[in-house]
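> Put the two chains together into one complex, using the hints given.
Protein chains in written order, with the working numbering: chain A, 1 to 431; chain B, 1 to 559.
Treat the hints loosely; a few may be bogus.
Claimed, not checked - Covered stretches of chain A, going by a simulated chain B footprint (3 or more residues, C-beta under 8 angstroms):
(1) 275 to 283
(2) 329 to 340
What the hints assert, rightly or not - Which stretches of chain B does chain A cover? Using the computed rule of at least three CB atoms under 8 angstroms from a CB of chain A, they are:
(3) 153 to 160
(4) 274 to 285
Just so you know, the hints here were simulated from the structure itself, not pulled from any lab data. Ideal Cβ positions, reconstructed from N, Cα and C, are used throughout, including at glycine.
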Amino acid sequence: MGLPLLDCFLNSNGTALAQGAPVPIRFGAWMWGCGVNPDRWNPTTEGAGYDLSIELQALDRELATGAKLREHVSILSDFDVKLDGRPNFPHTAGLMGTLTGNLPVEDYTVPAPTLDTIIAAQIGGLTRFRSLEMSCTGNPNQSYSFESQGVANAPEISPMALYTRVFGPEFADPNAGPFTPDPRVMIRQSVLSVVKDDRERLLQRVGTHDKQRLDQYFTSVRQLEQQLDILLEGPPDLESCSKAPAPGRESLGTEVGESMSTNQLMADLLSFALACDQTRVFSMMFSDRISGLRQPGSSSQHHQLTHDEPLDPAIGYQPEATEFVFASMEAWADFVERLALIPEGDGTLLDNCLVFAHSDVSLAKIHGITGVPMMIAGSAGGALRPGVHVRGAKSPTTRAGLTIQQAMGLNTESWGTRSMEATQPVSEIVA
Amino acid sequence: MRNTRFRTTRLLSIASLLLVVLAGCSSDTSSSGGGSSRAVEVDPGPVALRRLTAEQFVRSIHDVLGEHITVPSRVDPDDRRSGLLAVGATFAGVTPSGFEKYEAAANAVAEQALDTEHRADLVQCQPASMTSSDEECAKAFVERVGRRLFRRSLTGEELDPRVTIANEAANTLGDFYAGLEIALASILVSPDFLFRVEEAEPDPANPSIMRLTSVSMAARLSYLLWNTSPDEDLIAAGENGDLVDEDRLAEQVERLLSSPKLEAGIRSFFSDLYDFKQFDDGLVRKDNVLFPVYTQTLVEEAKEQTLRTIVAHLLADKDYRDLFTTTESFLTRRLGVAYRVPVPTADGWESYVFSADARRAGLLSHISFNALYSHPGRSSATLRGKFVREVLLCQDIPTPPANIDFSIVEDTMGEFRTARERLEAHVTNDACSGCHTLTDPIGLALESFDAIGMLRDEENGAPIDTSGELDGTAYEDAAGMGRALRDHPALGPCLVRSLYRYAAGRDTAKGEQALLALLNERFAESAYSVRELIRDVVLSDGLRTTSGPREAEEAGDES
Chain A
1 MGLPLLDCFL NSNGTALAQG APVPIRFGAW MWGCGVNPDR WNPTTEGAGY DLSIELQALD
61 RELATGAKLR EHVSILSDFD VKLDGRPNFP HTAGLMGTLT GNLPVEDYTV PAPTLDTIIA
121 AQIGGLTRFR SLEMSCTGNP NQSYSFESQG VANAPEISPM ALYTRVFGPE FADPNAGPFT
181 PDPRVMIRQS VLSVVKDDRE RLLQRVGTHD KQRLDQYFTS VRQLEQQLDI LLEGPPDLES
241 CSKAPAPGRE SLGTEVGESM STNQLMADLL SFALACDQTR VFSMMFSDRI SGLRQPGSSS
301 QHHQLTHDEP LDPAIGYQPE ATEFVFASME AWADFVERLA LIPEGDGTLL DNCLVFAHSD
361 VSLAKIHGIT GVPMMIAGSA GGALRPGVHV RGAKSPTTRA GLTIQQAMGL NTESWGTRSM
421 EATQPVSEIV A
Chain B
1 MRNTRFRTTR LLSIASLLLV VLAGCSSDTS SSGGGSSRAV EVDPGPVALR RLTAEQFVRS
61 IHDVLGEHIT VPSRVDPDDR RSGLLAVGAT FAGVTPSGFE KYEAAANAVA EQALDTEHRA
121 DLVQCQPASM TSSDEECAKA FVERVGRRLF RRSLTGEELD PRVTIANEAA NTLGDFYAGL
181 EIALASILVS PDFLFRVEEA EPDPANPSIM RLTSVSMAAR LSYLLWNTSP DEDLIAAGEN
241 GDLVDEDRLA EQVERLLSSP KLEAGIRSFF SDLYDFKQFD DGLVRKDNVL FPVYTQTLVE
301 EAKEQTLRTI VAHLLADKDY RDLFTTTESF LTRRLGVAYR VPVPTADGWE SYVFSADARR
361 AGLLSHISFN ALYSHPGRSS ATLRGKFVRE VLLCQDIPTP PANIDFSIVE DTMGEFRTAR
421 ERLEAHVTND ACSGCHTLTD PIGLALESFD AIGMLRDEEN GAPIDTSGEL DGTAYEDAAG
481 MGRALRDHPA LGPCLVRSLY RYAAGRDTAK GEQALLALLN ERFAESAYSV RELIRDVVLS
541 DGLRTTSGPR EAEEAGDES
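Bound conformation, chain B alone (with noise of 0.2 angstroms):
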């Protein structure tokens, strides 16, 4: 069950630097083959208020209030900083067009919560009255529905005005459920539920190290792990202290790793890596003159098909690189039209095996990737290669120089009639080639997909070329550019680091290279094992210590 658990022993820090150990495997772990004492210093960043993201929001709902309710899906837009929500909803802030709708949204969904047909899942005492306050049972209420929503129990201070405001209201309108609407509209849009508080505090086993609180905790693990608030059992766990105890920590990760609430946890991580939520924002938009075949559906179900195969794959513990390989898929018989592949399946879906001939090897061959690194009439070599390089790889593309002449890169019908011949002309030019180098030729092993993922072999009637190179690595095709993907030594190191942040809610910090450099070498032990990193991650110190509450940001121009 637990084989690879991280033991953590704090041996010394000197001056203000923290000077952690990680010692590799336990003892109870030799099996892992990962046996070896491993020491590392780490130096971690700091913490700040993480705004819940849009999906956050609406999942937290459904877990705590009911999966019937609609939640209003347009509330203040999440913040993407350094290509991850994740890290934006540490800065995101809540602007007053955002506050008002945030309170609309908790305004219907208190009344869908407490509706006559789902109170009863709720409010678990019967109120002396239907027609007037019961202060007994509204604060039972509040005191249950609100400890799971801030995800801690309330205080006497948070308690009582809401217990209060329940009362009046029950009392003007005449209606006791009016009244608990009206409370639990003001725990939704109280700072403590838009906002997770990440809060450090000395660790009594050496001061000068700040620890997460174990409340701070339970709600990290939680929307790390399940993407949502945390249940009973973890809130209780954290206000019993159990989750700065290493060993209580290790079997709460345990439990919710083998949940089937993980999935959720997995979907959103890559979701939002690549970016999907564009997908659900409407705007994988294609020209459907040129594309007969695109409609809001279809994409969203290239989507789904994409997260399906993550999650299959990876739920099943087989190894991360293969999914740039992997002809392992699900399909719709929509999706089968725009793959030009039977699916018998009328309704739904079904799991499917790509054909070598059908050419759809790895995700980066999936409609999802090469429609949403796309324009809206035409595919982009550039965008695709970008994305590889810049979220799979983690290399830093510049931006394109100001003054650009971009008269080279001429019309489809001039000189030039595919993307490889446009973007060729780039690479003769000293201030594009720089760039253009690092992320055409992965882009153009793409382009036998069009702008919706359709397969093509000519463009205005050239053939297209698909051969290329991807850092020393020779391919002909965009199977074989996965591959080479596959084998790539920066994929595996990637994914450990974007995960990181993902988990952290900023990027890394100088002081744990170290550390990422351990995961890595873990990460590579356990056959890339993504439920093993994620183990290994939750259990680091980097998340688990930290510098302390972020400062101020640099105020707008200095002089």
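Looking at chain A on its own, in the form it has when it is part of the complex (with noise of 0.2 angstroms):
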């Protein structure tokens, strides 16, 4: 057990394991908030080697393998959140239609599952944990990781705890010899099974409202059960599999230094727990929908910006929210730059993953859900095709997300409701 995988024992492609296991494929969600300024972001030309944008120029990085980060990632430009008269809740609506394909009809409310929770209750079960879930905002309290209003995914904000969650002693490391299960963990089955006889006493004695909550509660009850189970199944057999380093120094909260520092120390420690088979999915808020990242000695935050500052005529846009646009796909670059730092198969990490970056809004100033800004890095195992520019001719953001589902192998034939109805995938991207 745990010795490392040597190359005979893949296939000749190369994307899985002789034996027909096949290298897992990832899905993850990184948002940013307050959008960017559409004529400065979208690409000019379609197709693959689009041309690229001023905003976009974070994308030109060389990656190790001697490739472009762009011909990773693919930009959608020009779809919309479709409010069929509901009300444009200002930044909520863009988010839940895109993340879930309805609109609130409350603010502040989620109508359905996100994207994230939808692939993770098809995959989630494979793995240690269902989902991680991470935050560079500070707040503990906030993800865009929901099941439901009542069931919200609470974020990691600190690299050094998701590391412990993650890399603490309950890592089963394959270079730490000969691997001997902890009768502990058995001990903390039968605790599960005890609080799983519970159920059906508990389940008579409450009405429809509570039968759901605590369905909800004894899912997470044996969602723990399996992680157990395969903490006993010892370390992972993957080549490409070794614990994280311990992350450095952090600091935690808004000013864009500190948050983008976050970002990376998180992404890294990420693509470790990925290559180990920890999680399939997770789901990263870089920013608040209602940005509050902000520079040392400012008064005002970048959503405050975004409606405070006056357009520069000469130029067209607003310089100062606009350095937070810059700082954003630089993040977004830091991100999927560390994926592509681990080899996997004939390729690296990020060739096995499907990374869906997405804002709340298009233009932050007017709360425009038009042209919603989304990315997708990585091919999900071959399944898609990166490095290319797709305009949607106004058509609904949902065939993003259904595009996502499809390739991360869900049987999804459409998705979203009223005119966010998606059933046509975005073909250009799929291979």
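This is the structure we're talking about:
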């Protein structure tokens, strides 16, 4: 157990174990708040080899493999969130439209499960963690990962806490010598089975609203049982797996330098966690939809600037607010770049990922939800064709979510409701 | 002692309408002035499971298992709905990542509760052997501790498997107390601990009325008044059926109201109402360059200052409304620096009365509110005004329209230098003025406090004008606004509504309006004594009866 895989154990494509166990495909969402300046962000040419607009220059980076980052990132522009007469709740309607395929009827509400939890429901049970949620905002209470309004997955806000959770004493290190199962893990399982026995008695005492909540609770109990099963199986049999080094010094907060540093530290840890198949689903909130990013010494945050800062007539945009668009794109590039650092099969970890970046609005100044910026990094193990710019011709943003579900192996034929119902995947990026 | 008690008589019930008569004060309370009998109909709202808030989780563990325990602070985050964690708690579920944290917390807590130094406090029997199982001793432990944590006795089906795993683990690990740890962990991760189960039953005297069971009332009282698990006496009263009997219920309520633990209950209610959890979560951050006095410790002490002020005022049975004009408070030396007043006590707290020229009259002049309802780099008259309207006066402020043109609210170095100048631009714009005329005059009175609550007279070189009007009462400054707020007719009724929602864990139901009106009247008659209000609320039929369990929410979107 725990021996490094030799290349001869891989099939000739290097994409699956020779015995047939496929290399895992992972999905993640990466969200930044307050959008872009569409005229400066949207590429002017379509297809592969699209021209990099001024606000996408961060994708010009060269990766360790020698390829350019842009070759791994597809751009989806000109896709809309459609209200069908519902209110455009500022920053909420656009976010929920894209992530759930539904528009909220009330502000601050979650109308349906978010994309990551739909995918986790399918593949989350295969790994130690059903999903990992992260945030660079320092707010422990908020992520954009919802199974429903009352079931919000809380994020890790501290890289050190993320490290401890994944790579703490429970982590079965493939390089740490022979594995012996911990009897305490088995005892913890027996605790959970006692709790499960309480189920029927309790369900009989409550109404339908609480039955749903208790079902959710017991689903979570089963999830932890699976985690414990996986711990008893010992270290993952994956060539690229090794224990992550402890993260460097952290400083939590919404000063832009703090958030960017947290993003880098978390991306480093995540890449190790994915390589060890500790989870296959993740989400990252780089900034709040009402972006609180700020520069030290400034009286205004990103979100305020998008509304308060005058449009400079000479240049046609808000210069101070736009600095945060650049910072967000740099952070996105930092995140993706780190996934490409770990070799896997004949490529990198990134090739076996699908990371969906999106914002809540297009132009924040007017809470625009037409042309909401979206990007997809990685090729999902060959299911997607990366590095393509597609214009959506005003079709719903849910086409991205539909494409993603299909690439992740879900049998979803349509997704979303009313005008947000998508039936056509973005075929230009499907391999 | 017991001066204004609700005496509740159920007279009749017609079809599905629950008709309940609350007969004002009973004869033994004629001294209180609220003498006349008044009848109101109550058609109460539903009950639902209430997930322990993070604070209740910690307090219950400390109370039952020992104050020495370090309880992991980040479990599943609280859900805040309708402005209250107490309402969100009746909707919150347990996510997979949340359960993972509850389980880790349970193991960590169980280990500390039974460490060699403290096990004798919890285990009142000596095991036959330290290195193997002892069924009898394990059973006694699970029975006793389980009852405190589940807030009722365990059934045999709940007890037996826990004793079994204690025995198995003790033998596997060769340690009796390690076995108890496992049993304790199985109690701490159970939904019967993490959720408070509120159950209803038909009232035998009138089976068409659903009342909360006596056992459910024990936890309801305890978490409302003490924000922690019921003590042995209250659990026993619950299990004896005392808490569906109005006299014996009233006796328990008196006992709880006169306990020192009431302070914790009052703190928790106001912390929840004012969203002070943001201080604990480190979310009240200020820019260190602009506000060099800012530290996390300073804002936490500012929160503590306000809570101490509230508790001292209300426990002395002073008029709730005077909180908004009082100059009595408590300070530390660190806070003294920010308030620019001398604090002789070097370490810790001292009571303090602000002089008139300190310009610190009323809670709204405290650093806590002004820092909380501000941005990291600047004050916000709108957030402060919205807080006063929504939280203190229970008035709705609509959300901003979607396609806002904020370009009129230009940067501070341009044409508009003060918040007033910037915000007055809204009032000339129809889409904005509807709400901003409600919020801004209140907030502008507080503009003499910057984003960290320190005094200032000008903004960007221009003098700050704090004058304005609150629903017909003109004022010149923050103190005047505080007086106008103190006399606002909605102030008292809003606290009644908020406390009622906090106690019931839900918004008020349509059929409760008459009851609320009666509670308002009695609150006024008691000279706005919050202790009296708490008593009236818990003894009212709105809290003792229910329409039944809450039905499932509408799922997602329809067509």
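> Honestly, which of those hints from before does the structure not fit?
Hints 1 and 2 contradicted; others consistent.
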